[in-house]
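J.: Given two chains presented individually in distinct reference frames, assemble the corresponding complex, making use of the accompanying hints.
Quick note, the sequences are listed as chains P and H, same order. Taken in order, the first sequence gives residues 1 to 269; the numbers are from UniProt numbering. Taken in order, the second sequence gives residues 1 to 202; the numbers are from UniProt numbering.
Hints listed in this document are in silico derivations from the structure and should not be mistaken for laboratory results. Just so you know, not all the hints are guaranteed correct.
[Unchecked claim] Below, computed lysine-lysine pairings styled on DSS-like, alpha-carbon distance capped at 25 Å: (1) Lys219(P) with Lys72(H); (2) Lys153(H) with Lys153(P); (3) Lys258(P) with Lys219(P); (4) Lys31(P) with Lys153(H); (5) Lys95(P) with Lys144(P); (6) Lys52(H) with Lys153(P); (7) Lys72(H) with Lys42(P); (8) Lys16(H) with Lys219(P); (9) Lys66(H) with Lys31(P); (10) Lys16(H) with Lys258(P).
[Said to hold, decoys possible] Some chain H residues flagged as far from chain P (calculated, every beta-carbon gap over 10 Å): (11) Lys16; (12) Thr24; (13) Ala60; (14) Pro89; (15) Ser103; (16) Ala142.
Remember, it's a predicted structure, so these values are computed and weren't measured experimentally. Just so it is clear, CB atoms sit at the ideal spot from N, CA and C, and this is done for glycine as well.
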Amino acid sequence: MIEEQEVDLLLTDILDIYGYDFTHYTRASLKRRINRLWTLDKFPSFAELRYRVRTDADYLKRFIEELTVNVTEMFRDPLFYKTLRTQVLPSLMAKPFIRIWHAGCSTGEEVFSMAIILKEANLLTKSLLYATDLNSEVLETARKGIFSLAPMKQYSENYILSGGTQDFSGYYTAHYGRVKFSEEFVQKMVFSTHNLVSDRSFNEFDLILCRNVLIYFDKALQERVLTLFDESLGPLSYLALGAKETLKFSTIQSRYRKIENEKLWQKLK
Amino acid sequence: MAETEIKPTPERSDCKVVLIGGSTGSIEVLLDLLPTLRAPLSFAIIIVLHRKNTADSTLADLLSHKTSLPLKEVDDKDSITAGSIYLAPADYHLLIEQNATFSLDDSEKVNHSRPSIDVTFESAAEIYGPSLVGVLLSGANADGKDGLIAIKKAGGLAVVQQPETAQAAFMPQQAILNAPIDYVVTIPELIRFVNQLNSFND
Chain P
1 MIEEQEVDLL LTDILDIYGY DFTHYTRASL KRRINRLWTL DKFPSFAELR YRVRTDADYL
61 KRFIEELTVN VTEMFRDPLF YKTLRTQVLP SLMAKPFIRI WHAGCSTGEE VFSMAIILKE
121 ANLLTKSLLY ATDLNSEVLE TARKGIFSLA PMKQYSENYI LSGGTQDFSG YYTAHYGRVK
181 FSEEFVQKMV FSTHNLVSDR SFNEFDLILC RNVLIYFDKA LQERVLTLFD ESLGPLSYLA
241 LGAKETLKFS TIQSRYRKIE NEKLWQKLK
Chain H
1 MAETEIKPTP ERSDCKVVLI GGSTGSIEVL LDLLPTLRAP LSFAIIIVLH RKNTADSTLA
61 DLLSHKTSLP LKEVDDKDSI TAGSIYLAPA DYHLLIEQNA TFSLDDSEKV NHSRPSIDVT
121 FESAAEIYGP SLVGVLLSGA NADGKDGLIA IKKAGGLAVV QQPETAQAAF MPQQAILNAP
181 IDYVVTIPEL IRFVNQLNSF ND
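Okay, chain H solo, but in the shape it has when bound (with noise of 0.2 Å):
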């Protein structure tokens, strides 16, 4: 059973990554989230949307707008610093390799998408194990509900935002019904939740 208050979180500094998954709806939970943000931020952001499978940058750009953090667009082999916000760029599957560097990879569409959710939510369990928060945004697939399911196991956090706040209920929705989610949130929860886990924060 998932809960939805949200408990002070005594592993926050063990944090190193906050995934952000999404798809139809999500843009606009991040442009509310990321200007709350205060630097320094002490785990880095990685943001994997589907999106149109365009190589322009106007996501990244829109998005950087809305907070003072780097926020970058992911080149391969660049390197995952705390404080720091990835976006998953378009039309290519984002890995996490153990040195903490990206790779991309253009391989088949996984759930319909590329960037997959959970390729990326996979990938980073494996390697960045209980200091790893998921959080699945509203969308209107089931992709990201087994990433939410692989963090869990590696002994990460998984968060989901709720359904009727959403936009398009159905991704959260099938990663609650099917994953082990710890907890479920609005979006002021959201904010006050990644707010916390920054251990910069007093």
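Just chain P, same shape as in the assembly (with noise of 0.2 Å):
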């Protein structure tokens, strides 16, 4: 078991070495990680976890890969999306031009989630979906739209759920207990890194999704990155949270109209 100054240790090493930030990651669950991490990699010490930590980059990005929780599922919580579906898809049909960020993205089983109700919706060709992580390689996974095949019976339930009426098996192909996802949703998806606790603010949209992230910051890092998305919506967008996640905290509070009972905000003018 990890003691709270050898995470302080550790945390400083990899801010001082590599410049990645998780100071203001929550403690609990970044020691739950760092220990199941400390016993899958078999290290005798925590002096030769720290050790190789500090001189191996290939091997800080599995640690990080491996700290940061890249659990994802298409169409979690269905009764979202269907919120999504019936009150802000709507609001959006009179735009040019749909920008959206799912920040946080891990391996992008909700940005295609979202590609596949903007399609049903006759909104997909003029949208466009960033997709950032801090992660590189579960953006690489994401690109590819190459999931496991297993859990699609589990999702395809939730896209009924969800008010979804196709076919779900019918937006993918099976091979060798993979599914590949129909091009037309990757070439609407722009992937790229970018971390919450160090990077600016990039594009002004429409729509951002940031679920399941937060829950692991602190209340110092929830705020800035709360503020990073309030000056990154313009008036009358919308902003998606995790089912536990909450603006109550928050100064943007109270610029934002909540939806129904789903964690949806409406920015207002």
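T.: Written out as structure tokens, the structure reads:
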């Protein structure tokens, strides 16, 4: 089990040597992740774990990928997607061009879910989905649009609950336990690394989705990120967070109105 | 060897948090326990149940109808206050920070479960040490056993529902076989035990 001071040492190393700042990640979760990796990679002592992180840049890639949580699924919280379909997309119809940002997109399951509902609303051709993450590795996976076949049954059920009426399996081709989503989706996506801790806003968006990312940040970092989003949202555009995330601790809250029971807010004028 | 007799607990005024974990058959126990708790409560209660992966609040509604104490399903960064009851949300692990706030984590399932009882118990043990009481109820998998071991190591108390009284005996049995348990209790004994911990009760 890693000690509190050892976590500090490790985070300082990673910041000093590689420029990644994890000091405002929630401690309890971070400690769990480090302990997990310590066991998984069989380090005999903390000193050896620290040495490896300090000296092996390739290992650092793995370390960061394992430190951050990359669990995601398609149409997670189907009713959220239903609200997107019924409340948000209709108000974007009149726009000549739609920009959407998936911040912390991981392996891209949510980006593809979004692309599917845009297509079904006849909005995909005039949309561009910016998908960013801290890890370049997960973006590589997302860019390919290739996922495991196993969870597709669950995703298909989620899709139907989200109000989908098409044949979900029509959106991909299956091959040897994997599926590849149609190229028409990937063509509307732009993948790029972006670190919410240190990078700035890069565009103005009609909708920003950042679901189950803020739970890993402390309140100070949450405020920084929400301010970044606020600066990247035009009037009457939308912000979506994870099911248990909230604006209630943030100074930006007063400029937003909540939509129905979902974690979805519209920016006021 | 586990004891079945409930002794007065001299350390009761030190108890800051009672953690309750359970799976199959545990909701019924909570429905018996919650109505007996009298406000004010000198500690917080944190409940971690294996539940269906849906975001609806039916379970929180069901439980809150059984108590006059404030009961809420946890949102990210909520703070932990004595006198309140908190329910781990579906599909997230529930962790506790040094500053007595919750944080949520949607990483891999542990013991096929998210929320996992072990994850919350271990996290709470680190923060609360001897001021923690862990209670493991009915259930059909071995989640919670490692959590109780962590609670004991940190100086807290470990309580397990008597397997014969549990709808699903496996979870309490695994804990009794593998963890050093302080008390193995029937449901009436559990009710008495938790109420005895409340230092506002005389």
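J.: If a hint holds in the structure, say so; if it doesn't, say that too.
T.: The hints, checked one at a time:
no.: 1; hint: Lys219(P) with Lys72(H); in the structure: holds, 20 Å
no.: 2; hint: Lys153(H) with Lys153(P); in the structure: violated, 42 Å
no.: 3; hint: Lys258(P) with Lys219(P); in the structure: holds, 20 Å
no.: 4; hint: Lys31(P) with Lys153(H); in the structure: holds, 18 Å
no.: 5; hint: Lys95(P) with Lys144(P); in the structure: violated, 29 Å
no.: 6; hint: Lys52(H) with Lys153(P); in the structure: holds, 17 Å
no.: 7; hint: Lys72(H) with Lys42(P); in the structure: violated, 40 Å
no.: 8; hint: Lys16(H) with Lys219(P); in the structure: holds, 24 Å
no.: 9; hint: Lys66(H) with Lys31(P); in the structure: violated, 36 Å
no.: 10; hint: Lys16(H) with Lys258(P); in the structure: violated, 35 Å
no.: 11; hint: Lys16; in the structure: holds, 17 Å
no.: 12; hint: Thr24; in the structure: holds, 22 Å
no.: 13; hint: Ala60; in the structure: holds, 12 Å
no.: 14; hint: Pro89; in the structure: violated, 5 Å
no.: 15; hint: Ser103; in the structure: violated, 4 Å
no.: 16; hint: Ala142; in the structure: holds, 18 Å
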